[in-house]
Structure formats: C-alpha cells, structure tokens
Amino acid sequence: KAGVTQTPRYLIKTRGQQVTLSCSPISGHRSVSWYQQTPGQGLQFLFEYFSETQRNKGNFPGRFSGRQFSNSRSEMNVSTLELGDSALYLCASSLARQTNTGELFFGEGSRLTVL
Amino acid sequence: DAKTTQPTSMDCAEGRAANLPCNHSTISGNEYVYWYRQIHSQGPQYIIHGLKNNETNEMASLIITEDRKSSTLILPHATLRDTAVYYCIVRRYSGGGADGLTFGKGTHLIIQP
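Residue numbers (this note's numbering), protein chains in the order written: chain B, 11 to 125; chain H, 94 to 206.
Mixed in with the good hints, there may be bad ones.
Looking from chain B toward chain H, a few residues come up when the C-beta cut is under 10 Å (computed) [claimed, not checked]:
#: 1; residue: 43
#: 2; residue: 55
#: 3; residue: 56
#: 4; residue: 62
#: 5; residue: 80
#: 6; residue: 94
#: 7; residue: 100
#: 8; residue: 114
#: 9; residue: 117
#: 10; residue: 121
Within a straight-line C-alpha distance of at most 25 Å, the following computed PhoX-like cross-link-like pairs (lysine-lysine) qualify [stated by the list, open to error]:
#: 11; chain 1: H; residue 1: 162; chain 2: H; residue 2: 145
#: 12; chain 1: H; residue 1: 145; chain 2: H; residue 2: 96
#: 13; chain 1: B; residue 1: 67; chain 2: H; residue 2: 96
#: 14; chain 1: H; residue 1: 145; chain 2: H; residue 2: 198
#: 15; chain 1: B; residue 1: 67; chain 2: H; residue 2: 198
#: 16; chain 1: H; residue 1: 198; chain 2: H; residue 2: 96
Bear in mind the hints are in silico, worked out from the structure with no lab data behind them. Here the structure is a predicted model, which means the values were calculated and not measured. All C-beta atoms in this analysis are idealised placements derived from N, C-alpha and C, irrespective of residue type, glycine included.
Make a model of the complete structure from these sequences and hints.
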C-alpha cells in the first residue's frame, strides 16, 4: 500500500513569489491535513480537509490556503512568499471514519527555501 | 487540546528498554494520548495511542496512570534506528474528523551503541 506522497520534495523560491505543493493521501483516506515545521516554531498545524471542505484551520495568515479534490488529493498554496516561510511542509492523511481512532500518516514533506 | 510536558532529551543503551515519560495533568475525559516520533529529515510516524487502558502494539507499549495525568511510552528493546524525537500529544478525537495535532518540543531519544 503506497504511503502519503508529496511533491515536489525540494524547491527554492524568491520573496514575493507563490508556491503550490501537492499531496496524495493513502488510498481510501478521506482526510488530509497540512503542517509547517521550522526549527524555531516546531510542527504547527495549518489546516485540514475532508470531502473537499476545509474543516479545521490553524493560526496562519490568509496567504496560506489549500484545497482538496474529489479524489482526496490536496494542494496547498502560499502566496507572496516571505523569508520566514522557509520550512518543511508536511501532509498527513487519515481514514477519518467513526470506527477509526484518528492516527495520522505523514508524508516525507516538501522542503521550501525562500531566498 | 491539553498541554504536555516531556524531558528535552534522554539516552538509552541499545537493547535496553527505553521509557519516555509524559505529563498531561490537564487532560480531559474525552482526550486521547497519542505518541508520534520523527526520525531526522522524515515525516512524523504514528506509534501508539490510548484513552484509559494500557496499550501495546508491535512497536511499543503505552502505560497511562489511573488518574490519566501522565503516561509512559516503552520501547522494549531499543535499537539505533529508534533514535528520534518522540512527541506525546493529548488530543480530543471525534470520529470522522481529524483535529489538528498540537506538537510540543518532544523528547530527543538517543540510543547509544
């Protein structure tokens, strides 16, 4: 069974640009959530999608957005990039059913460097 | 979600049991205790979770105190590949939804050869 796949794995952008990251969840998983990891702030929750709807959102500015498609694949977008957006962006998927107990399965992440 | 407190770092000899403590004194009755670990440069990996009873799986055991204010993750026979940052997370889980996990600083477990 394939795990969570994130693309691209590494990318470099400059300030002011925008970036789109992609996540393919484990087959059958309907929930996708995104996290940002930086050395200073650690792992922080960005948002969670279920059935193409954003259900939970962390404390990030509106420059961070996401969406989920009907096949559960998800993308997140960061506009007007700032140096502080340099981070490892992690995607996690979950079954999200009543009988499931909520464990998340993470991808390897997309490492974004903003110059 | 309730806050957790973990030691910053711990050492353990290879082959011995690694016992990682976690305090969660403000845990609510409907909050679970989850453990994840993150090996350098990889995404976090789910280990185990529990509500009230002790739990065991192929990776680890989770011991939760009767008052639920603390727990211990046990890796029974630690190997060098268990060197990682271990996160204890207390989280309310409602079936059908995945609330955001609140990761603290975790415990950096170093397995010594």
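Exercise for review: May I ask you to test the interface hint for residue 100 of chain B with respect to chain H, counting a Cβ-Cβ separation under 10 Å as satisfied?
Suggested key: Interface hint status for residue 100 of chain B: holds (5 Å vs cutoff 10 Å).
Original post:
Under the criterion of a CB-CB separation shorter than 10 Å, is residue 94 of chain B in contact with chain H as hinted?
Top reply: Hint violated; residue 94 of chain B Cβ to chain H Cβ min 18 Å, cut 10 Å.
Residue 162 of chain H paired with residue 145 of chain H [C-alpha distance capped at 25 Å]: holds, 10 Å
Taking the closest Cβ pair, is residue 114 of chain B under 10 Å from chain H? Status holds, d = 6 Å.
Holds or violated: is there a CB of chain H closer than 10 Å to the CB of residue 62 of chain B? violated, 15 Å
**Prompt:** Between residue 145 of chain H and residue 96 of chain H, does the CA-CA distance stay at or below 25 Å?
**Reply:** Given pair residue 145 of chain H, residue 96 of chain H holds - Cα atoms ~17 Å apart, limit 25 Å.
Verify the interface restraint on residue 117 of chain B: the C-beta must sit less than 10 Å from at least one C-beta of chain H.
holds, 5 Å
Open item on the list: Check the hint pairing residue 145 of chain H with residue 198 of chain H against an upper bound of 25 Å on the C-alpha distance.
Closed with: holds, 24 Å
Q) With 10 Å as the cut and Cβ atoms as the points, is residue 121 of chain B at the interface with chain H? A) holds, 9 Å
Does residue 43 of chain B hold up as a contact with chain H if the rule is Cβ-Cβ below 10 Å?
holds, 6 Å
So if I understand the rule, the pair passes when the alpha-carbon distance is 25 Å or less; does residue 67 of chain B with residue 96 of chain H pass? holds, 19 Å
* Have a go at the residue 55 of chain B hint: is there a Cβ in chain H nearer than 10 Å to its own Cβ? => holds, 3 Å
Hint compliance for this structure: hints 4, 5, 6 are broken, all remaining hints hold.
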